[in-house]
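*Asks:* Same order as they appear, the protein sequences are chains R and E.
Following our numbering, the residues of the first sequence are numbered contiguously, the last one being 458.
Following our numbering, the residues of the second sequence are numbered contiguously, the last one being 589.
Because the hints were derived from the structure by calculation, they are not lab data.
Since the model is a prediction, treat every value here as computed from it, not as a measurement.
Ideal Cβ placement from N, Cα and C applies to all residues, glycine included.
The reader is advised that the hints may include incorrect statements.
Per the computed footprint, the stretches of chain E lying under chain R, defined by three or more beta-carbons under 8 Å from a beta-carbon of chain R, are [to be verified]:
#1 117-131
#2 144-157
#3 171-182
#4 381-393
Heads up, simulated BS3-like pairs for lysine-lysine below, C-alpha to C-alpha not over 27 Å straight-line [as the list claims (entries may be wrong)]:
#5 E:Lys414 <-> E:Lys429
#6 E:Lys354 <-> E:Lys414
#7 R:Lys409 <-> E:Lys334
#8 E:Lys334 <-> E:Lys429
#9 E:Lys100 <-> R:Lys409
Which chain R residues face chain E? A few, computed with CB under 7 Å, are given here [claimed, not checked]:
#10 Gly184
#11 Ala192
#12 Pro360
#13 Val376
#14 Asn377
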Amino acid sequence: MLLDYAFIASIAVLVFGSLALRLTSSRRATFAFSSTMLALILALALMLLPLGGSATYMGVLSFNPFSLFFAVLFTAGIMLVNALAYARSRDYGNFAALAALALSGMYLVAFANSLVSVFIGLELMSLPSVFVVLLSKRDSMEATVKLFIMAALSVAVLSLAIVLVYGAAGTLSLQRANAGALMGFAFVLFVAALGFEASVFPFNVLLPDVYQGSGAYATAMLGGVNKKVGFAALLQVLILLFITSRADFMVVAVLAVAAMFYGNLVALLQTDLKRLLAYSSISQAGYILIGISVANQAGISGSLVQIFAHTFLFIGAMSIVAWLESRGRSGIDDTLGLYKDNRFMAIALSVFLLSMVGLPFTTGFVGKFLIFLSAVNSGLAILAILGIVNSVISVFYYAKVLTSVYTAKAGGYRVGVDAPTLAVVGACLALTVFLGVYPQPLVHIAGSASSYLFTAGV
Amino acid sequence: MNPLFLLLPLLAALVAVAADRNGSRVKYYALLGSVVGLAMLPLVGFGTDSLTWFSVGGTAIQITTSITPLSLMLLFLVLAMGSLVIAYSFGFMDLPSEQKRFYVEMLGFETAMLAFAMSGGFILLFIAWEFLSLTSYLLIGFWHNRENAIAAARKAITIVLISDIALLAAIVMFLNIYGTLSFSSILAAGASGSLQLAAMALLLAAVITKSAQFPVQEWLTDAMAGPTPVSAYLHSTTMVKAGVFVVLVLLPLFSEAGMMPALLAIASITIAVAITGAMREHNVKRAIAYSTVEELGLILLAASVGAVFAAIYFFFAQSFYKSLLFFGAGSSIKATGSEDLGVITGLGRSRLVKYTVLFGALSLAGFIPFDGFFANFGIASAFATNLVAYALISAASLATSFYIFRWFMLQSGKPVSTAVSAGFLGLPKSMSYSMAVLAVSTVAASGAFFAFPSVFGMQGINLQGHAGMLTAAIETLVAAAGATAALLFYRRKATVKTLAARAVAEPAHSAGVATVTNAAYAHLAAFVEAVATGFAFFDDRLISAYDIVGHVAVAAGSHSRKIASGSTNTYMLVFAAGVALLAIVVVVA
């Protein structure tokens with residue numbers, strides 16, 4: 001019972017907290033910020049309290065290691081984005097309310113035990129996110145409309161997929177379904193609809209436009225958190241529903257390869273930092289998909305570690321972009337002489353980018369290592385090799401940014417960083433390095449989360 | 001005792017970052033870290049040690065250290081050369097504002113190489129390998145306001161990161177095949193299967209990239225844009241030696257996987273390319289950088305025919321004379337302010353510098369009693385039974401002796417100005433004394449040729465007997481012939497001046513060609529250089545792996561970029577196309 005209360009309380013805190021905020025805080029951003037942070041910390045504490053347990057609530061929600069992994073990840077991610085928005089947003093009060101609503105949607109997805117929860121959760125997340133994008137930048141209308149239309153399309157496809165499952169299985173709960181022609185098609189529709197949320201190529205080719213057209217903190221939220229919600233939904237649905245029809249997972253392998261090549265090759269040509277990170281995150285999604293297509297416990301563990309790693313790498317890098325953007329710089333060339341401007345930011349950006357390549361003693365290495373290892377161990381060495389080829393390609397564009405960062409620039413001078421940005425970058429850096437040097441806790445938690453997916457409902 | 005305690009330079013770097021705010025004491029921390037490390041080396045005992053880093057699904061990922069005679073030799077070289085290089089930098093690196101960054105990066109570089117030397121398994125090896133790449137990148141691009149340094153650093157980081165990824169792939173495959181990543185277990189299990197072959201191929205790719213072998217030798221010669229102490233360190237004991245060291249450690253695996261012919265071919269081509277490069281090069285540092293590429297090729301060549309002792313000794317001996325020659329180049333640069341062999345003059349002004357550099361050149365050329373003689377002798381003996389191979393090796397020796405004395409003579413002309421003389425005479429003591437220590441070492445290291453067989457417990461190479469004496473005599477003759485040719489070509493000031501004219505490519509100087517009294521030598525020299533340039537054309541234009549990969553990738557990228565056109569209709573179409581494609585995949589599967 002304690003579990004249920006803890007869980008319900010954490011969602012209630014957020015939803016009602018956000019409404020209360022909306023009423024009180026339009027003028028007093030500092031108050032709104034501190035109360036939002038307090039609510040988030042409370043939610044985090046409530047979730048961590050009954051650690052390790054497992055329970056189902058009313059058949060639609062479930063509290064288990066997998067949901068806990070993602071709920072904690074989302075809370076931490078939104079916390080960081082929240083601090084960033086506080087530093088950058090022109091309209092922080094609205095952001096706080098929207099982000100809290102979106103987070104309660106994310107919780108629904110994380111704790112889902114039924115397709116209904118997944119559907120409602122995704123909707124509850126997407127709508128506020130669209131408005132976050134709209135409010136994040138003066139000329140963000142184009143990005144907002146694109147995001148909205150594509151989100152609507154993916155919702156339509158998702159509904160169709162859910163209908164197919166209901167028709168074939170007669171239930172909406174997340175449990176193993178029997179293979180069949182209809183289910184094969186449902187699999188594809190799920191991959192497409194949830195793949196859009198998880199920014200899987202080719203269902204998200206608008207992503208770079210949206211990333212570029214939004215304020216950097218909104219981009220951090222979309223790429224750092226919302227995208228991971230897509231992966232949480234994708235993992236639950238694919239593994240819990242379809243694990244018996246293993247052949248279908250070839251689809252995911254095909255997507256993984258396509259995403260890696262598309263993201264990495266196009267990233268080579270980018271001159272804008274946000275677009276570069278957008279394409280790089282498409283390719284990172286490709287590595288995550290390799291782990292999913294392996295479709296065993298080791299592969300999913302690797303994917304979870306990579307999802308965790310990328311959350312903080314992306315938010316960290318995007319915070320630095322936000323800081324640069326606030327000084328009117330957004331191109332790769334604008335990072336020129338960053339080392340001279342601010343050493344901490346330069347070193348942090350280097351660590352984030354190198355971790356995306358797979359630098360040891362960072363979380364990025366652990367994730368890639370586990371994913372490639374699981375692919376080779378499952379006889380899918382070809383996927384690992386294609387992943388390696390892509391890592392090689394990615395070196396070219398990451399090196400471009402790194403070189404620019406360490407190149408001296410005439411007339412450079414020291415530039416300070418505001419406290420919230422510094423805190424966010426510092427936290428991301430600390431997590432990336434600490435869990436890279438000492439990865440055992442992360443590997444362990446990811447392992448128990450993935451083992452839940454394979455043991456649930458058997 | 002776990003040998004990780006030897007990572008003292010890391011401690012020194014951390015202390016320097018934390019305690020030394022203006023960078024005035026950092027050089028003493030750096031020297032102390034290296035010297036104390038060297039003093040503590042006898043405390044290291046032979047054996048293997050493992051720490052579990054993390055474990056996944058029952059497989060423990062372990063950081064394994066292993067101390068063998070071979071790794072002890074490398075640890076000694078890294079710490080000893082590290083101390084000397086840092087001492088030399090006291091004089092060379094006299095810009096106060098850059099000292100902290102320089103020494104901290106140097107210490108990081110040294111730490112990475114120490115970790116590499118003591119690694120007994122692939123995990124620690126990979127970590128060290130990756131950090132070697134990063135620290136070398138920072139050091140090559142140290143002068144981050146110079147165009148060429150930035151370009152060189154970018155090329156270096158791109159190429160070596162690719163080698164790191166190849167290594168990671170190989171490691172994952174090894175873990176799949178053997179279930180362990182420690183060298184001893186892998187060597188005991190031996191090689192089998194096609195996955196193993198793929199892993200070995202990736203490992204080979206990583207090795208030749210790190211050790212700047214054909215076709216990716218280019219990054220190393222460009223890497224000369226870094227400060228000279230860095231070049232000295234990088235070329236003698238760290239970074240590039242890492243690749244060949246892996247081959248020496250895992251030689252049985254390469255042999256069982258049937259990679260020896262590939263190794264032989266790569267090494268041979270590299271040697272030919274490097275020699276031609278060294279003969280035509282006008283940059284004082286690049287010329288001896290080509291020579292490093294050649295020497296690494298020679299080590300691989302010896303390893304590929306199973307002459308392990310020759311390879312190990314060459315590995316050891318090369319460290320001393322190569323860092324000495326780089327120190328000499330650094331002195332010339334410091335004294336004259338130029339890196340151009342056509343501009344540098346007056347090497348003879350300071351006797352200490354002249355004779356120490358001469359020691360280095362004599363050793364590299366292979367004159368007795370310098371360590372280079374024994375190193376070359378070992379390689380030559382390995383090929384003594386095959387007449388064709390022996391002739392080729394001797395030709396390489398001849399060319400090597402020629403180019404190093406060309407390099408020496410070009411710098412030895414009469415000083416063009418009093419400023420240059422003063423530059424040589426006023427070189428800081430820390431620089432010239434470090435060179436003196438190394439000059440003595442080039443002779444002292446010869447002793448190792450006789451001591452190593454018992455240390456390593458392997459068959460040495462017999463210098464006595466008819467075969468041994470004959471090889472030694474031929475080698476001496478060849479070295480003498482090469483040196484004499486170079487002395488004759490470059491003896492005359494006029495010839496030197498002609499070359500200087502071409503080197504700086506200034507029309508005003510080319511008038512000097514008409515005044516050449518003995519044009520024949522100049523023409524001959526020009527011919528030799530022309531042949532070398534012709535060969536190098538192939539090297540420059542066609543075989544640049546870096547460019548080819550880059551161009552192909554960019555071409556493919558510009559094609560797929562069109563998908564993201566900015567229109568929502570297109571995006572929806574792509575979405576639908578994706579769904580259709582997946583449906584087809586499901587139906588087919």
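*Asks:* Take the hints in turn and mark each one as holding or not.
*Replies:* Results for each hint:
no.	hint	in the structure
1	117-131	holds (count 4)
2	144-157	holds (count 6)
3	171-182	holds (count 4)
4	381-393	violated (count 0)
5	E:Lys414 <-> E:Lys429	holds, 23 Å
6	E:Lys354 <-> E:Lys414	holds, 13 Å
7	R:Lys409 <-> E:Lys334	holds, 25 Å
8	E:Lys334 <-> E:Lys429	holds, 13 Å
9	E:Lys100 <-> R:Lys409	holds, 20 Å
10	Gly184	holds, 5 Å
11	Ala192	holds, 5 Å
12	Pro360	holds, 4 Å
13	Val376	holds, 4 Å
14	Asn377	holds, 5 Å
The structure is inconsistent with hint 4 alone, although it conforms to all the rest.
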